[in-house]
Amino acid sequence: MALLLNKYPNKIIDEQFNNVLSKFRINEPLTSINYNRSRQKIIDSPIKEKLSINYEKSIFVHFTYCSSMKTFPIKFHTLWDKYFDKSPINEVIPILGTRNVNNLQRRLINTNE
Numbered sequence: 001m002a003l004l005l006n007k008y009p010n011k012i013i014d015e016q017f018n019n020v021l022s023k024f025r026i027n028e029p030l031t032s033i034n035y036n037r038s039r040q041k042i043i044d045s046p047i048k049e050k051l052s053i054n055y056e057k058s059i060f061v062h063f064t065y066c067s068s069m070k071t072f073p074i075k076f077h078t079l080w081d082k083y084f085d086k087s088p089i090n091e092v093i094p095i096l097g098t099r100n101v102n103n104l105q106r107r108l109i110n111t112n113e
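Number 99 in our numbering belongs to position 99 of the sequence shown; there are no gaps in the numbering.
Calculated from the structure, these hints are not laboratory results.
From the three backbone atoms N, C-alpha and C, an ideal C-beta is built for every residue, glycine too.
Hints are supplied without guarantee of correctness; some may be wrong.
Claimed, not checked - With a cut-off of at most 25 Å between alpha-carbon atoms, the simulated DSS-like pairs for lysine-lysine come out as follows:
| hint | residue 1 | residue 2 |
| --- | --- | --- |
| 1 | LYS57 | LYS82 |
| 2 | LYS23 | LYS11 |
| 3 | LYS57 | LYS41 |
Claimed, not checked - Distance ranges between label pairs, derived from CB positions:
| hint | residue 1 | residue 2 | range |
| --- | --- | --- | --- |
| 4 | PRO29 | PRO94 | 44 to 50 Å |
| 5 | PRO46 | GLN16 | 17 to 23 Å |
| 6 | LEU96 | LEU4 | 47 to 53 Å |
My request is simple: use the sequences and hints to build the entire structure.
This is the structure:
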């Protein structure tokens, strides 16, 4: 509903709707007959529990992903272990992630601007 109210293009709304259906393995087109069954399937699906993160013992490193950065996480952890092995900072857990993940929020922000 928020996508419609914020005047996103129909193509994006359709893609996101199809992403939700495929996520819950709903392959048949929605009709008035099977809508309630599909809706109940989505409602009854288990919710993944998020892992709790101890922010006092974690450091987040974000980098822009490109093919040349494919081995960056391995190299980073190797260097981290090499140089901080016996240091008190080694108790901190580095968590690496990319900044250009094609998620819905990032895509909608870039599409609506």
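Hint check:
1. Between LYS57 and LYS82 the CA atoms are separated by roughly 19 Å; this keeps the pair inside 25 Å, and the hint holds.
2. Distance restraint check for LYS23 and LYS11: the Cα-Cα separation of roughly 18 Å lies within the 25 Å cut-off, and the hinted pair is therefore satisfied.
3. Between LYS57 and LYS41 the alpha-carbon distance is near 39 Å, which puts this suggested pair outside the 25 Å criterion.
4. Range check, PRO29 to PRO94: about 46 Å between beta-carbon atoms, so the 44 to 50 Å window is met.
5. The beta-carbon spacing between PRO46 and GLN16, approximately 21 Å, falls within the hinted interval of 17 to 23 Å.
6. One distance hint, 47 to 53 Å for the beta-carbon pair LEU96 and LEU4, is violated here, with the actual separation near 37 Å.
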